[in-house]
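Colleague: Dock chains B, C and D with the ligands against chain A, hints included.
Residue numbers (the working numbering), protein chains in the order written: chain A, 1 to 340; chain B, 341 to 680; chain C, 681 to 1018; chain D, 1019 to 1356.
Incorrect hints may appear among the rest.
Straight line, CA to CA, 20 Å or less: simulated SDA-like cross-link-like pairs of lysine to any residue [claimed, not checked]:
no.: 1; chain 1: D; residue 1: Lys1170; chain 2: A; residue 2: Glu31
no.: 2; chain 1: B; residue 1: Lys462; chain 2: C; residue 2: Leu1011
no.: 3; chain 1: D; residue 1: Lys1200; chain 2: C; residue 2: Asp945
no.: 4; chain 1: C; residue 1: Lys862; chain 2: D; residue 2: Ala1168
no.: 5; chain 1: A; residue 1: Lys319; chain 2: C; residue 2: Glu756
no.: 6; chain 1: C; residue 1: Lys829; chain 2: B; residue 2: Arg375
no.: 7; chain 1: C; residue 1: Lys862; chain 2: D; residue 2: Gly1219
no.: 8; chain 1: A; residue 1: Lys122; chain 2: D; residue 2: Asp1356
no.: 9; chain 1: D; residue 1: Lys1211; chain 2: D; residue 2: Ala1248
no.: 10; chain 1: D; residue 1: Lys1170; chain 2: A; residue 2: Arg64
no.: 11; chain 1: A; residue 1: Lys120; chain 2: D; residue 2: Arg1351
no.: 12; chain 1: C; residue 1: Lys829; chain 2: B; residue 2: Asp373
no.: 13; chain 1: B; residue 1: Lys530; chain 2: D; residue 2: Lys1281
no.: 14; chain 1: D; residue 1: Lys1167; chain 2: C; residue 2: Lys1001
no.: 15; chain 1: A; residue 1: Lys319; chain 2: C; residue 2: Arg1013
no.: 16; chain 1: C; residue 1: Lys832; chain 2: B; residue 2: Thr402
no.: 17; chain 1: B; residue 1: Lys460; chain 2: C; residue 2: Glu756
no.: 18; chain 1: D; residue 1: Lys1211; chain 2: D; residue 2: Pro1342
no.: 19; chain 1: D; residue 1: Lys1167; chain 2: A; residue 2: Thr62
no.: 20; chain 1: A; residue 1: Lys120; chain 2: D; residue 2: Pro1342
no.: 21; chain 1: C; residue 1: Lys829; chain 2: B; residue 2: Thr402
no.: 22; chain 1: A; residue 1: Lys120; chain 2: D; residue 2: Ala1329
no.: 23; chain 1: A; residue 1: Lys120; chain 2: D; residue 2: Thr1350
no.: 24; chain 1: A; residue 1: Lys319; chain 2: C; residue 2: Arg882
no.: 25; chain 1: C; residue 1: Lys1001; chain 2: A; residue 2: Pro315
no.: 26; chain 1: C; residue 1: Lys829; chain 2: B; residue 2: Gly426
no.: 27; chain 1: D; residue 1: Lys1167; chain 2: A; residue 2: Glu63
no.: 28; chain 1: C; residue 1: Lys943; chain 2: C; residue 2: Glu756
no.: 29; chain 1: D; residue 1: Lys1347; chain 2: B; residue 2: Pro655
no.: 30; chain 1: D; residue 1: Lys1211; chain 2: C; residue 2: Trp861
no.: 31; chain 1: D; residue 1: Lys1200; chain 2: D; residue 2: Ala1168
no.: 32; chain 1: A; residue 1: Lys122; chain 2: D; residue 2: Ala1355
no.: 33; chain 1: D; residue 1: Lys1347; chain 2: B; residue 2: Ala671
no.: 34; chain 1: C; residue 1: Lys862; chain 2: D; residue 2: Asn1226
Since the hints were made in silico from the structure, they are not lab data.
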Amino acid sequence: MSTLTEAAVESAVRELTYAEAIREALAIAMEADERVFLFGEDVGVYGGAFGVSGDLVHRFGTERVIDTPISELGIAGAAVGAAITGMKPVLEIQFSDFVTLAMEQIVNQAAKIRFMFGGKAKVPMVVRLPGGSGTGAAAQHSQSLEAWFAHVPGLKVIQPSSPHDAKGMLLSAIDDPNPVLIFEHKLLYKTKGHVPEGDYRVPIGKAAVRREGRDLTIVGSSIMAVRTAAAAQKLAEEGIDAEVIDLRSLRPIDFDTIAASVRKTHRLMVVYEGVKTMGIGAEISAMIAESDAFDFLDAPIVRLGGAEVPLPYNPVLEKAAVPQEEDILAAARRLARGDA
Amino acid sequence: MSTLTEAAVESAVRELTYAEAIREALAIAMEADERVFLFGEDVGVYGGAFGVSGDLVHRFGTERVIDTPISELGIAGAAVGAAITGMKPVLEIQFSDFVTLAMEQIVNQAAKIRFMFGGKAKVPMVVRLPGGSGTGAAAQHSQSLEAWFAHVPGLKVIQPSSPHDAKGMLLSAIDDPNPVLIFEHKLLYKTKGHVPEGDYRVPIGKAAVRREGRDLTIVGSSIMAVRTAAAAQKLAEEGIDAEVIDLRSLRPIDFDTIAASVRKTHRLMVVYEGVKTMGIGAEISAMIAESDAFDFLDAPIVRLGGAEVPLPYNPVLEKAAVPQEEDILAAARRLARGDA
Amino acid sequence: MKADTDTSARRPNQRPELAAIDDETMRGVLRKMHLIRKFEEAAEASYMRGLIHGTMHLSIGQEASAVGATLALMDEDYILSTHRGHGHCIAKGAEPARMFAEFFGKENGYCRGRGGSMHIADVDGGNLGANGIVGGGLPIAVGVGMSIKAQKLDRVAVVFFGDGASNEGAFHEALNMASIWKLPILFVCENNKYGMSMDIGRAMAVPNVADRAVAYAMPGVVVDGNDLPAVAAVAREAAERARAGGGPTLIECKTYRLRGHSKSDRNLYRTKEEIEEWRSRCPIRRLEAELTAHERFTPEALMTIEEAAQAEIDAALDFAKASPDPDPKDLTRDVYAD
Amino acid sequence: MKADTDTSARRPNQRPELAAIDDETMRGVLRKMHLIRKFEEAAEASYMRGLIHGTMHLSIGQEASAVGATLALMDEDYILSTHRGHGHCIAKGAEPARMFAEFFGKENGYCRGRGGSMHIADVDGGNLGANGIVGGGLPIAVGVGMSIKAQKLDRVAVVFFGDGASNEGAFHEALNMASIWKLPILFVCENNKYGMSMDIGRAMAVPNVADRAVAYAMPGVVVDGNDLPAVAAVAREAAERARAGGGPTLIECKTYRLRGHSKSDRNLYRTKEEIEEWRSRCPIRRLEAELTAHERFTPEALMTIEEAAQAEIDAALDFAKASPDPDPKDLTRDVYAD
Ligand SMILES: Cc1ncc(C[n+]2csc(CCOP(=O)(O)OP(=O)(O)O)c2C)c(N)n1
Ligand SMILES: Cc1ncc(C[n+]2csc(CCOP(=O)(O)OP(=O)(O)O)c2C)c(N)n1
Ligand SMILES: [Mg+2]
Ligand SMILES: [Mg+2]
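Here chain A stands alone, though its shape is the one from the complex (with noise of 0.2 Å):
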């Protein structure tokens, strides 16, 4: 994948928004394979209603980003069908709130036409959906639906926090024979990282420990993967050294990752921005508790989770349903000092 040539070397300073980093994700991805294509509601000239495919439809034309009508359902079944006889689409969901009218394709159908059909058929398709609160766009556009498709066999689910995995990421779920769906934080797209050129892989199913630590293991996801490395930051300063584990991948969930973390700091806190409920933050929790590494818990684990409300309108209230990083901080502290 990538090799060390004068351009990696620049790119070692290459920084790029998340967005940006999804786009040339893409454009490498149909440039080495014609099966390729990108397809949804305003993809085309609009270039997204996240400005996220840009020109790609100016670069490989309207055969290959395609705009479709409003029709979810249609357009996740029009995916399955073309992953099934030899395709390769990438979809786009336009907000992930929609995702709720294309149920039926995605986990009737896409998650288990392998399976039915007796290892007959592969099903290698990627759907991307921006998700998440924070633009108050209210309770219908806010969502993070992503804990849903965790529970089906047959998906795999990803949630890259940075723009380097955004890219690596959705490399690895192009090429990966199976339905993939991928949670982009709509917060995240103008967030600025480090962006190698050319093709590289972040594989799917692991987690990436983004700060080693001796205190409490805190497991984030997408954006709250970024809210936690900054809160580790102010708590080091006050002395409690956490372990922050960047989730990255729901199904599978790396839970050697997390396991060996616990293990080590012998608390755990899992901060995820879906509801607290049946949120990832429940499997992780219960994966743990299940396991071993039960025995080296010292205290009940922390589960930071969005509230029990659609996300409300009111700016105030949108971000009172949300963990924040005051949120992180105070759950951390409460953890480590034990007074949880």
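Modeller: Same frame as chain A, but now just chains B, C and D with the ligands:
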């Protein structure tokens, strides 16, 4: 609501099937309240795919027992519209797997309308969802998707395991001013049990302790509550004294009942048919692991959930994919004897 | 609609659609169209100045379909609206002050600041809500129709949706059910030529959304959506049929949104010329011109109406700004009813 | 379709649809129709005897639409089938032995016993699967069409669905997309008058599903679904148009299922008389009668074909029964591809 009339005394021995109990609840509700109506695919003269509505169309007419076209999204939306304008619709989704087509209306509309409108509307609708495996209906007709809905604020989710509770909880659901989803296991429809006559209510949000015990707590939901109760009998013969909790309600979850039991038994196992990962067991485990009941745990929390696989058609594989009584027995023995 | 008693509405050479709207009603029509326009201009300005967060979808240029389609409605009739719903909301009688308050996320907004632009509802006023989901209101309207029928109410429901929404499965399922059950519903498609950036000519193979009514054995009518009297006439007829048990109608108002889809739209998919061309067909100025041509209103009288609307909007904006914020402690209030 | 060289197909007074099918092809047609009928009768009997679990949906009486609609297909063309899909599967060339093996949940069934009746697929043979979800195959067909176009293949896709399925939103979205992109798809509706218990007359307001093609500017054709040559002719024309870039066609085959919807059906929604009346229109006997009337086949020749089919089915059933069961250790195999 039930008063001790002669009928009630007689009813003390009356047995009905689960399906009959539901039908009786529907009849009582429709008789008592003109606003209640039943609709769905083939609920009329066919009597429902599982015979649940039976002769109701002959008793209440085609204006109140309404056959619909095969349009799951549409009928779910119709339920929402009827509910916010003064009716009390009870919708049957023929197999719960087809709710994948209706997620938009249930999750984005029904669950959120009240909140989004600042409390200015109510959505008193009930959705009945026959689910579960065991009938050889394969991957698209056997799922247990209830965990998804337990993740959605604004919804209530119930899963009665006995004819008695099916009737009493459905009556509570119809009376509830919020959208309530009732997951009915297909294998339960023909099971029999005592069902009092007349109107009585089993509250939403309360678990039931089916058997008291000291050695471990087993929480089961829906048919798994039945299998767990049966397993507990055998465990007792082996000298293992299991406390059996029938979950009944998945949103809200009756944390207090489970936590009290864990404080007593110090061991917890959760049995459910849905896919293990991100299933309801994850939430129960996490709730306990983050509470002060954590300190009472003497062993890791065991989850016995469905295998990570679409439901297979072959009957041997199908059984192997979800917990059976033997699996509960084996897991309970391991947990009780400390070799888990 | 007191056309019988109002002599001014009987001026010679008026087309019947115009004559059918008496002066008092017409004053209300003009007031509402101006309110919508000025409400959205003010909202846009507030947004630009960073006073409102989130996004909003402006219907500037589409005022005639909102006001025309609801003109025959009674207070107790229902509407279901869309993401581009300010016009529908005002047309059905909502107070701009409480709408602005909602935009500003205030406690006395229509949704107590929880919904914002995309979810404004005025349930007491018969507006069952804007909808953030394209086509989301269509199946809900079916249930409203069922409700009206079951309760034997003399009501109708108007459900608005866009050309883009007519490609959603929800459209198909809803129109089919409304038709087989003969529900009292007006399906009002505001065809503004685009679903976001997607030209209707690329998104569907038929020239008119109304052509799809055939698939449901439902009357389908195309009307100039920038021609208020024409829209009102078509809607009135459909509402009468619906009330008489004749079932639903699909009405397609051909119109145009003069603003971008939302605030992030760079208008890459259409030409300046096209926008200018449609600007010249402004439904408000067009109606005013026709009214003065027929000497039903003087330019001064029209100006008075417009100025009053502007004053109303200015006051509404002040009201909203001065309104209290929600208490964060109430975060999870109203998730459930008890 | 060697009508040019086959003299027997040129007997006088034959309607062109019949003449278009030469004797060799016709033998194949008859064989397949018998195979379907006998396959399902045997499956039914096995089910009754408790040898097969689950449920199954029989297409007895509908054989002409399955065989007719696929007659013009090449091996590499695709079909997408339904819950009532045995006929489609056999028509596209699947082996009854491996289909039975699937029913019995055996390791050498088409889906290694994982899918069962409702999910039989024969991907190598171009059958992309039955579908347990009503209308589930329709959007998938769109993707298959996109794939064919992108890969510049000379293929078509036939997607079967029922009258009931045409009320699903998926129908609408799929037909619209297929039409705007001119995809090489035949949408074949097997209208057997009922969606489970729901009479089509109660489920939709138009008399024909094909009437809905108008909404997509797509040709819509109604054909007697129990008339094999007629179905074949309509499908051939549609397939030729599709291959030539002319886009999709909606074909509605009016037919009838002689068995209940599934094994739990008590037929409360229809009369015995109606069933008997349709039984007399059996597509197999009807075709045979026409062939003997035109002296293209003798009754004895026809009997030979039927008996051969029966023998094939008997052997297939034996094969299936003798096949090995899956190993439970393989439970989670094939959930993911590597
Ligand atoms: C189900 C769904 N899909 C996509 C969107 C994003 N979206 C919002 S408005 C819009 C365009 C809608 O077009 P149309 O129905 O013609 O209404 P208009 O905006 O032109 O008034 C889109 C794609 C959405 N809100 N909901
Ligand atoms: C989405 C969905 N809804 C409902 C069902 C249950 N169901 C299976 S077949 C059927 C009737 C289908 O009618 P039609 O499309 O006419 O096909 P037919 O059975 O008549 O061949 C129903 C309601 C299903 N399998 N999938
Ligand atoms: Mg539009
Ligand atoms: Mg049918």
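Colleague: Against each hint, give a clear statement of whether it holds in the structure.
Modeller: Okay, the hints, checked on the actual structure:
Distance check on the hinted pair: Lys1170(D) and Glu31(A) sit about 18 Å apart at the alpha-carbon level, within 20 Å; holds. At most 20 Å may separate the alpha-carbon atoms for a hinted pair to count; Lys462(B) and Leu1011(C) meet this at roughly 18 Å. A threshold of 20 Å between alpha carbons decides the hint, and for Lys1200(D) with Asp945(C) the separation of about 29 Å lies outside it, so the pair is violated. Among the hinted pairs, Lys862(C) with Ala1168(D) is inconsistent with the structure: their alpha-carbon atoms are about 43 Å apart, more than 20 Å.
Taking the CA atoms of Lys319(A) and Glu756(C), the gap is near 37 Å; set against the 20 Å cutoff, the hint is violated. Using a Cα cut-off of 20 Å, the hinted pair Lys829(C) and Arg375(B) holds, with the two alpha carbons roughly 12 Å apart. Simply put, Lys862(C) and Gly1219(D) have alpha-carbon atoms about 14 Å apart, close enough for the 20 Å limit, and the pair holds. A distance of roughly 10 Å separates the Cα atoms of Lys122(A) and Asp1356(D); the hinted pair therefore holds under the 20 Å criterion.
The suggested pairing of Lys1211(D) with Ala1248(D) holds, with an alpha-carbon distance near 19 Å, which does not exceed 20 Å. With a CA separation close to 13 Å, the supplied pair Lys1170(D) and Arg64(A) stays within the 20 Å bound. This hinted pair checks out: Lys120(A) and Arg1351(D) have alpha carbons roughly 12 Å apart, not beyond 20 Å. A hinted pair counts as satisfied when its Cα atoms are at most 20 Å apart, and Lys829(C) with Asp373(B) qualifies at roughly 16 Å.
Of the supplied pair hints, the one linking Lys530(B) and Lys1281(D) holds, its CA atoms being roughly 17 Å apart against a limit of 20 Å. Using a Cα cut-off of 20 Å, the hinted pair Lys1167(D) and Lys1001(C) is violated, with the two alpha carbons roughly 56 Å apart. In summary, the hint linking Lys319(A) to Arg1013(C) is supported, as the alpha carbons are separated by about 16 Å, within the 20 Å threshold. Using a Cα cut-off of 20 Å, the hinted pair Lys832(C) and Thr402(B) holds, with the two alpha carbons roughly 16 Å apart.
With a CA separation close to 16 Å, the supplied pair Lys460(B) and Glu756(C) stays within the 20 Å bound. With a CA separation close to 40 Å, the supplied pair Lys1211(D) and Pro1342(D) exceeds the 20 Å bound. Between Lys1167(D) and Thr62(A) the CA atoms are separated by roughly 13 Å; this keeps the pair inside 20 Å, and the hint holds. At roughly 19 Å between alpha-carbon atoms, Lys120(A) and Pro1342(D) fall within 20 Å of each other, so this suggested pair holds.
About 13 Å separates the Cα atoms of Lys829(C) and Thr402(B), which keeps this hinted pair within 20 Å; it holds. This hinted pair does not check out: Lys120(A) and Ala1329(D) have alpha carbons roughly 29 Å apart, beyond 20 Å. Our distance criterion of 20 Å between C-alpha atoms is met by Lys120(A) and Thr1350(D), whose separation comes to about 15 Å. This hinted pair does not check out: Lys319(A) and Arg882(C) have alpha carbons roughly 39 Å apart, beyond 20 Å.
A threshold of 20 Å between alpha carbons decides the hint, and for Lys1001(C) with Pro315(A) the separation of about 15 Å falls inside it, so the pair holds. Proposed proximity of Lys829(C) and Gly426(B) is supported: the alpha carbons are some 12 Å apart, at most 20 Å. Taken as a hint, the Lys1167(D) and Glu63(A) pair is honoured in the structure, with Cα atoms around 10 Å apart against an allowance of 20 Å. For a cut-off of 20 Å, the pair hint linking Lys943(C) to Glu756(C) is broken: about 34 Å separates their Cα positions.
Between Lys1347(D) and Pro655(B) the CA atoms are separated by roughly 14 Å; this keeps the pair inside 20 Å, and the hint holds. Our distance criterion of 20 Å between C-alpha atoms is met by Lys1211(D) and Trp861(C), whose separation comes to about 19 Å. Taking the CA atoms of Lys1200(D) and Ala1168(D), the gap is near 12 Å; set against the 20 Å cutoff, the hint holds. This hinted pair checks out: Lys122(A) and Ala1355(D) have alpha carbons roughly 7 Å apart, not beyond 20 Å.
With a C-alpha separation of about 19 Å, the suggested pair Lys1347(D) and Ala671(B) falls inside the 20 Å cut-off, and the hint holds. Between the alpha carbons of Lys862(C) and Asn1226(D) the distance comes to roughly 19 Å, so the proposed pair stays at or under 20 Å and holds.
When each numbered hint is compared with the structure, violations occur for hints 3, 4, 5, 14, 18, 22, 24, 28.
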